[in-house]
Amino acid sequence: MITDPLRDLPTFADIEDAAQRIRGVTVHTPLLRYEVLDKAIGAPVWIKPETLQRTGSFKMRGAWNRISRIPDADKPKGVVAFSSGNHAQGVAESAKILGLKATIVMPSDAPRAKIESTKRRGAEVRLYDRVNESREAIAAELVAATGATTVRP
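The sequence shown lines up with residues 1 to 153 when you count with this note's numbering.
Treat the hints as calculated values from the structure; they're not laboratory data. Quantities reported herein were computed from a predicted structural model and do not represent experimental measurements. A portion of the hints provided could be inaccurate.
[What the hints assert, rightly or not] Now the in silico label distances, taken between C-beta atoms and shown as ranges: (1) Ala13 - Pro71: 13 to 23 Å; (2) Pro71 - Tyr34: 16 to 26 Å; (3) Ser108 - Ile15: 28 to 38 Å; (4) Ala43 - Val131: 24 to 34 Å; (5) Val36 - Val131: 18 to 28 Å; (6) Ala40 - Asp72: 48 to 58 Å; (7) Thr29 - Lys96: 18 to 28 Å; (8) Ala13 - Glu116: 38 to 48 Å.
Glycine is no exception: its CB is placed at the ideal position from the N, C-alpha and C atoms.
All chains should be modelled from the sequences, with the hints used to inform the complete structure.
Structure below.
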C-alpha cells in the first residue's frame, strides 16, 4: 500500500507549538557562523551546537515534545522507546523530569556509555540481540503488557 508521505508533515503551527513546549526544558542553542567552511565553499555556513543540550543531542527536543503531550490518565503507565543511544537518553531524561517510568529497548552491542547514561537518567534498559530479535516487537510486547506509550525516534 502506497501512502502519501506529505500527509503527516507538521504544519508551521505545529512547529510553533512544539517550540513553546520545549522552551525552558531544552537548551536554546545559538546559531554560530562557521567561517572556515564559509571560505572553503564560498557560502555562509551556520551550525547549531546541539551537543550543548542536557543529553548532548537534539533528540531531547523531540522526546520532550512527545512525552509532554501524553494525557494525564496515561502517564502512570510510563513510556517505552527503542534506540541505540541519543533518543534513549532524550526519552529517559524527559521521563525523569516528568516523573514517568521509562523502559528503553537497546541493542546489546550499543556503546556501554550510552547504555549507562540511559540508566543513570532513571530508565530501565531492556537489552536485545539485534541479529535475532526485533526491537519493535519487544517494544510492542512491553506496551501491550503495561499500556505504556511508545515514543518513536
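Going through the hints against the structure:
1. Ala13 - Pro71: 13 to 23 Å: With a Cβ separation near 21 Å, alanine 13 and proline 71 satisfy 13 to 23 Å, so the hint holds.
2. Pro71 - Tyr34: 16 to 26 Å: violated, 42 Å
3. Ser108 - Ile15: 28 to 38 Å: At 36 Å between Cβs, range holds.
4. Ala43 - Val131: 24 to 34 Å: violated, 43 Å
5. Val36 - Val131: 18 to 28 Å: violated, 41 Å
6. Ala40 - Asp72: 48 to 58 Å: holds, 51 Å
7. Thr29 - Lys96: 18 to 28 Å: holds, 21 Å
8. Ala13 - Glu116: 38 to 48 Å: holds, 39 Å
Checked against the numbered hints listed earlier, the structure breaks hints 2, 4 and 5; every other hint is satisfied.
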